[in-house]
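Visitor: Read off the chains here:
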Amino acid sequence: MDLRETAEEAEFRAAARSWLAENVPRGLPSGDTREGFALHLEWERRLFEDRWAVVSWPEEYGGRAASVWQWLAFEEEYYRAGGPQRVTQNGIFLLAPTLFAFGTQEQQDTLLPRMAAAQDLWCQGWSEPGAGSDLASLTSRATRDEAAGGWRLDGQKTWTTRGAFCTHLFGLFRSDPQSQRHHGLTYFLVPLDAEGVTVRGFSRLDGDEGFAEVFFDDVLVPDDAVLGGVGKGWSVAMATTGSERGLTLRSPGRYTAAADRLLDLARAHPGRLDGSLCDRVVQAYVDAEAYRLFTLRQVSDEQAGRTRMGESSLNKLFWSELDIRLHETAQDLLGPEAEREGPWSKGFQFSLSGPIYAGTNEVQRNIVAERLLGLPRK
Amino acid sequence: MDLRETAEEAEFRAAARSWLAENVPRGLPSGDTREGFALHLEWERRLFEDRWAVVSWPEEYGGRAASVWQWLAFEEEYYRAGGPQRVTQNGIFLLAPTLFAFGTQEQQDTLLPRMAAAQDLWCQGWSEPGAGSDLASLTSRATRDEAAGGWRLDGQKTWTTRGAFCTHLFGLFRSDPQSQRHHGLTYFLVPLDAEGVTVRGFSRLDGDEGFAEVFFDDVLVPDDAVLGGVGKGWSVAMATTGSERGLTLRSPGRYTAAADRLLDLARAHPGRLDGSLCDRVVQAYVDAEAYRLFTLRQVSDEQAGRTRMGESSLNKLFWSELDIRLHETAQDLLGPEAEREGPWSKGFQFSLSGPIYAGTNEVQRNIVAERLLGLPRK
Amino acid sequence: MFFGLSDEARELRDGVRDVLAGACTPATVRAAWPGGDAAQVDRLWGALGELGLLGLLVPEAAGGLDLGPLVAVAALEEAGYAGVPGPLVETVTVVAPTLAAHELLPDVLAGRIRVAVQTGSDAVPYAAAADAVLQVDGGVRLLVRDDAKLEPVATVDASRALATVVGEGSPLQVDADLLPARLGTAAFLLGLARRQVDLTVAYVKDRKQFGVAVGTFQALKHPLADAVVDTEFAWPAVLRAAQSLADGDPDAALHVAMAKLLASESAYRVSRVCLQAHGAIGYTTEYDLHLFGKRTWALAADWGSPAQLRSELATLLDLNPRSAT
Amino acid sequence: MFFGLSDEARELRDGVRDVLAGACTPATVRAAWPGGDAAQVDRLWGALGELGLLGLLVPEAAGGLDLGPLVAVAALEEAGYAGVPGPLVETVTVVAPTLAAHELLPDVLAGRIRVAVQTGSDAVPYAAAADAVLQVDGGVRLLVRDDAKLEPVATVDASRALATVVGEGSPLQVDADLLPARLGTAAFLLGLARRQVDLTVAYVKDRKQFGVAVGTFQALKHPLADAVVDTEFAWPAVLRAAQSLADGDPDAALHVAMAKLLASESAYRVSRVCLQAHGAIGYTTEYDLHLFGKRTWALAADWGSPAQLRSELATLLDLNPRSAT
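Chains A, B, C and D, in that order, are what the protein sequence lines are. Residue numbers for the first sequence follow my numbering, beginning at 1 and rising by one. Residue numbers for the second sequence follow my numbering, beginning at 379 and rising by one. Residue numbers for the third sequence follow my numbering, beginning at 757 and rising by one. Residue numbers for the fourth sequence follow my numbering, beginning at 1082 and rising by one.
Just so you know, the hints here were simulated from the structure itself, not pulled from any lab data. One thing to keep in mind: the hints can contain errors.
Below, simulated DSSO-like cross-link-like pairs (lysine-lysine); rule was C-alpha separation at most 27 Å, straight line [as the list claims (entries may be wrong)]:
1) K756/B with K1289/D
2) K756/B with K1230/D
3) K756/B with K961/C
4) K1289/D with K378/A
5) K1289/D with K610/B
6) K378/A with K756/B
7) K756/B with K905/C
8) K378/A with K964/C
If you're wondering where the values come from, they're calculated on a predicted model, not measured in any experiment.
Model the full assembly from the supplied sequences, consistent with the hints where possible.
Guide: The following block contains the structure:
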């Protein structure tokens, strides 16, 4: 065990901290409104300009080739400095790992720099009206058009986060009309300005236009819109869902920063810390630390080649429930004031989506029981 | 709404209270050990002598023809006075309602007075090694013996509470060898001293010999050992399981008395009421009251002819979980002392069986979801 | 001994249910949100007035129905089920009884004007859309809109029409009892909870994943069973507290606090279960669930938050952790 | 940066695992219960001594292995998995280090004598079956059995051999650090939890009801998944606290308190889930589950109950509800 940062790591952290202290914007509106999104883009581009947008990527794509420890340190500093949730996260944290693993050199060279620079803005196209938890039942289809030298996409995606503000979508389409379940699917990269695409934004629980439905009507995309091979979509996508559930999307810095804010809130209202509220504040701090330590263990084990199928489901279960408990505690501390719009009530509402998105927690519990404990499926 | 007791009800309660104050034994050992059971029998017979053993039964069987309100009042006074759990409960509270509903006049006249007097001591024979939550899968069988004019019983029952100390068993046997699931079962009343019966007691979690396995090897019982008709066993038994889950077995007086003892414990240790413990003590009191009020509502609705299938599952879920929460709170108040043997640790261990016996809470939740909410079975 | 609603009370309750099913649809609830059709809310309040609902606790001599707290909680539970927008609980339990001798009473009972209630905090629910504010803090004062400085405050449930109120109304020579408001809120919460369960049951029977209705999965069945337990065990406590108010029971404050605690916590848990059982659809504002869930969160904390109630109950039950060393 | 056990520590841990699988079966745990074969427990302790386990935190010069807190928690987690009876955590973390210069040390390290630890309360776990009691309360004293008045106290887990101890031992001129005992108990608890999960998984795969293995039901699968989450997220906190002890980190007390809180609560929840998943069989003493469950309940409250730890953490985190008005 060695919890000390190397000189290089410490230097990296110090550089991040000082840059963030000077540059993190204050009081940005939600990035899930049209006006807010534009302001967030300015911030994302500011990050890119100074090479803080994608620290773990190679330098040629705008990164710093940071180690995972450095990335964790950056995330910790980012949230500690009050940095806002990244509106580019679905591209950078979910698509990019898949592109690095499955993309052609040309796809990588073309797409990654524009993604890092927040020029191309990617949204996710997994769910369909009839395929949510049961993702393998999706029916949006891709039909080969030999004449046009590409594929024609038809169907509908939904729950596409920030879809109304993005420029591109990645998602699964059924390329083999005879196929069932997770066979015969292909992973496509689609510009949302292509002919035949219609995007309709709609509101999340907190009132922001955070969701979109995306309709595909005979949308022609070229062959190089395919990521990872025709018919290979499921296994390519699973690499991404692992990132989504696990560490990549939800680094511990987010929760340790939130726990610190909760401690400050509690200290500011000592008269309300009677009864169980004090215990719950303590628990939020302990849980955030437990998540941080778990991820350090996890990264170390991964680096030592020790990985387990299904482990990212443990992350998902823990961070989603910790996030709710933490925000419920804040709301209960605020008492009748909790109903006012503000960072805590916004965070509370957002936390409630945690057990739903990125694979419902019910599905994650099945995965843990079946893969980590070996319980029978049926 | 009329929460006032009638003069008659108040008089009954006062009589019960004053008799109990004089007669309830102090410091009885557990009734689930052989020595303790004998002492409990003395107490049960003392109750019978003064006609407090079965207050709701007709006078000719040793009761007082008490109304359900009077019975609730008696139970409340019984537990408030510190009366011990009734070792005769499986006969009086589970078999007797079934006998009243399905028994012949002769069965009633023969069995009920001896049951009330704690002469015949009845235990329950539902579960089998392969049939617990899935009660309908039981395989113990009853074979008609025309020559002997009766039935021959073979098989094994288990988890028979206090079986090692009882004299009689009621239970289900498969009387139609071709039958499946809940068809072809018959409800039998069996003396445990019959030839071919072997009883082996074994220990519960708390170390008391509270359970027994009962083996049947060609046990001959006469025709009048059948309760409610050959092949009718399932529907007859369901009447009893409703009693077991619901109000009859677990009257609210038991929990309101326990909550009062918890309040006393908490008041005796004010220095430990920091953090969430005070809240949890309050919650135990509130929950016990909620259960009491629910049962008052339930009895009133039943008397008005408003009943719902599956409602007794609500009782079971609530009292079993309330009992655990209440005892966990007591244990946490006691801190390191909680591991000592005593009424609270005994009660805590017993409470843990609540979500298991009388139909696991998992089964109860299925029933509530399917019968009260109409959710599909499969 | 009889615990429950009389047949007459049940009939009245069923009548309220029938009227609200038509007069207060989800569209009506949405009309109370910013940008909504305010006239639709006015029509609803007119209908509530016609029904006599607003005068349930007002003496007949003053134009009310005087049907007592039991009928009031039964009716308010139905109002919660419908998600009636505006200060209904406050009007039934505080405003109308307190203004029983006031010249504004006929307008209040008819639903022509709406009066918010301020009990100490500057921020007053429903004040942004109210014609007057009844100030109950020590004495009782009535502040009409023209004399008040109102500043709307954005809230999660935007139909709450929260506003900070600055101004002091004219004193009234009456007392106001706030316990009935706390209890009425408990009843309203249980109606909201029942509505969410109903929406959810309908959804999970219909929604298919993995080739079957999602309502067949124990992962949804069991939390929904717990939601039933939650509401079923809170409701008798509300009834009991109503009877205690009717009887002037010296333990009425204890009974009301228990009822509100059970209702707040039950309804909150139910809102969580129902949101989760819906999956993503429940997380949109296009679907109706959020109308009832957000009201639940607000009311669970209003008129006594769980933390506040537990602290009061600890005192009433003679548990005083702070006095210890 | 590297978080976790070194390869060497893993090998040592695996060695402990292998030895305990043979030396400490459920029969051995039962042998520590009243009426059991005490010689079997003595043999186990001899094996622990031979393995070097008892001297993990004792300097090599004094005959120990001096492998540090990380190896110690890894080994104690395995000991928890096996349910080792007797004052093992106390011996490894307090007794042996404190007696490093004492004449009794060789007997302690060899497992020939067992020493209980008294920290204030009259009632001392394992004292009824111990050869001596180390009294740590202000100063440090060693009370040998012949000088002590012992009165056994019946406990839920009868292998705890609780006894009230009256008598004052001879003072020792050493300090004793109790934090490692708290942390060792946390590690032991997580081993107990892992054992209960393993027993339960085996059972629910095998046990059939309604025509299928009960482990196919979400009603069992999902709580068991939560049990995995519980243990997996507590263990890194134990490792971290061990490293803090090794480093003399000024926040070591905070880290140990967090680790013990997480372990106590996780292990307790796991014990509940596992008991429930077993149904009636888990509720008998013939089946082994209770051996591990009862130890869990006792240790969850020992060396800092959750209530005590939360209160300490609140102070360490500068949350002082009592100082408020």
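Visitor: Look at each hint and say if it fits the structure.
Guide: Do the hints match the structure? See the list:
1. K756/B with K1289/D: 18 Å, holds
2. K756/B with K1230/D: 64 Å, violated
3. K756/B with K961/C: It holds: about 11 Å lies between the C-alpha atoms, which stays within 27 Å.
4. K1289/D with K378/A: Given pair K1289/D, K378/A holds - Cα atoms ~12 Å apart, limit 27 Å.
5. K1289/D with K610/B: 26 Å, holds
6. K378/A with K756/B: 13 Å, holds
7. K756/B with K905/C: 59 Å, violated
8. K378/A with K964/C: Measuring from Cα to Cα gives roughly 18 Å; hence the hint holds.
The earlier numbered hints that this structure contradicts are 2, 7.
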